[in-house]
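Work out the full structure, taking the sequences as your base and the hints as a guide.
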Amino acid sequence: EPEVTQTPSHQVTQMGQEVILRCVPISNHLYFYWYRQILGQKVEFLVSFYNNEISEKSEIFDDQFSVERPDGSNFTLKIRSTKLEDSAMYFCASSVSRPYNSPLHFGNGTRLTVT
Amino acid sequence: AQSVTQLGSHVSVSEGALVLLRCNYSSSVPPYLFWYVQYPNQGLQLLLKYTSAATLVKGINGFEAEFKKSETSFHLTKPSAHMSDAAEYFCAVTSGNTPLVFGKGTRLSVIA
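From first to last, the protein sequence lines stand for chains A and B. To convert, note that position 67 of the first sequence is 67 in our numbering; the numbers rise steadily by one, no gaps. To convert, note that position 104 of the second sequence is 1104 in our numbering; the numbers rise steadily by one, no gaps.
Derived by calculation from the structure, the hints in this document are not laboratory data. You may find that some hints are simply not true.
[Unchecked claim] Mimicking EDC-like on lysine to aspartate or glutamate, the simulated pairs with C-alpha atoms at most 20 Å apart in a straight line are:
#: 1; chain 1: A; residue 1: Lys78; chain 2: A; residue 2: Glu53
#: 2; chain 1: A; residue 1: Lys42; chain 2: B; residue 2: Glu1088
#: 3; chain 1: A; residue 1: Lys83; chain 2: A; residue 2: Asp71
#: 4; chain 1: A; residue 1: Lys42; chain 2: A; residue 2: Glu3
#: 5; chain 1: B; residue 1: Lys1069; chain 2: B; residue 2: Glu1088
#: 6; chain 1: B; residue 1: Lys1104; chain 2: A; residue 2: Glu85
#: 7; chain 1: B; residue 1: Lys1049; chain 2: A; residue 2: Glu44
#: 8; chain 1: A; residue 1: Lys78; chain 2: A; residue 2: Glu68
#: 9; chain 1: B; residue 1: Lys1104; chain 2: A; residue 2: Glu68
#: 10; chain 1: A; residue 1: Lys78; chain 2: A; residue 2: Asp63
#: 11; chain 1: A; residue 1: Lys83; chain 2: A; residue 2: Glu56
#: 12; chain 1: B; residue 1: Lys1104; chain 2: A; residue 2: Glu53
#: 13; chain 1: A; residue 1: Lys42; chain 2: A; residue 2: Glu68
#: 14; chain 1: B; residue 1: Lys1104; chain 2: A; residue 2: Glu59
Encoded structure:
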């Protein structure tokens, strides 16, 4: 069964550094998402992306975050200047269609540790 | 705005016993409700979803959930727990036009 793949599985970075988290969504999916989960807290929506532009974003997704689909397969989340509070598990997801009641297919996540 | 509350961050059951994971939601419009499961070192996998067709929803691995509007609940059950059911379970809600809102999750442990 097709799956969403995320790399790396674990990323350690120093505060202030830029990180790029990578995702390969399922090939025929058109909608892409990033969620994150800080340890012990809820899974939180960050951003949704469709047709090469952001369709929706949360308050968490401020100017230090950006997303990109640089080619036909990858979907990336960039954090420009990481903070300690950015430490979390970041999940990429994709779906065939909107609205949001279409099931999301999630990757295994990237654990980001900011020191 | 929608929200979800999962009662109990950790539930422990014996193998063969009933599994009951609680989820209460808040929504000003008819909700779409989901249960996702996360096994260790894996992503979130859809267990089942409610989309107003039937109040009792059957999912994968023998799980089911019942939508009760009067109680604003969508509890997840399984008649007989198996060791392989040990995982983290997440309830989520959406109006259909807004991103999924997740609960904090409930870790299920199954004791032999």
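- Message: For A:Lys83 and A:Asp71, compute the direct alpha-carbon distance and say whether it is at most 20 Å.
- Response: Violated, at about 28 Å.
- Quickly compare the C-alpha distance for A:Lys78 and A:Asp63 to 20 Å and report which way the hint goes. Holds - the C-alpha atoms of A:Asp63 and A:Lys78 are around 10 Å apart, at most 20 Å.
- Query: Under the criterion that the straight-line Cα-Cα distance not exceed 20 Å, is the pair A:Lys42, A:Glu68 satisfied?
  - Reply: This hinted pair is violated, its Cα atoms lying about 25 Å apart.
- Given the hint that A:Lys42 pairs with A:Glu3, does the C-alpha gap stay at or below 20 Å? Given pair A:Lys42, A:Glu3 is violated - Cα atoms ~23 Å apart, limit 20 Å.
- Mind checking the alpha carbons of A:Lys78 and A:Glu53 for me, to see if they're no more than 20 Å apart? 15 Å, holds
- Message: Against the 20 Å threshold, does the CA-CA distance of B:Lys1104 and A:Glu85 hold or violate the hint?
- Response: Holds: B:Lys1104 and A:Glu85 sit about 18 Å apart, inside 20 Å.
- Query: When you check the alpha-carbon spacing of B:Lys1069 and B:Glu1088, does it fall within 20 Å?
  - Reply: 25 Å, violated
- Query: Is the hinted pair B:Lys1049 and A:Glu44 satisfied, with a Cα-Cα distance of at most 20 Å?
  - Reply: Holds. B:Lys1049 to A:Glu44 sits at ~19 Å (cutoff 20 Å).
- Task: Quickly compare the C-alpha distance for A:Lys78 and A:Glu68 to 20 Å and report which way the hint goes.
- Result: This hinted pair holds, its Cα atoms lying about 8 Å apart.
- Task: For the pair we were handed, B:Lys1104 and A:Glu59, check the Cα-Cα distance against 20 Å.
- Result: 19 Å, holds
- Query: Going straight from one Cα to the other, do A:Lys42 and B:Glu1088 come out at no more than 20 Å?
  - Reply: 12 Å, holds
- Query: Are the Cα atoms of A:Lys83 and A:Glu56 separated by 20 Å or less?
  - Reply: 23 Å, violated
Hint violations for this structure: numbers 3, 4, 5, 9, 11, 12, 13, all remaining hints satisfied.
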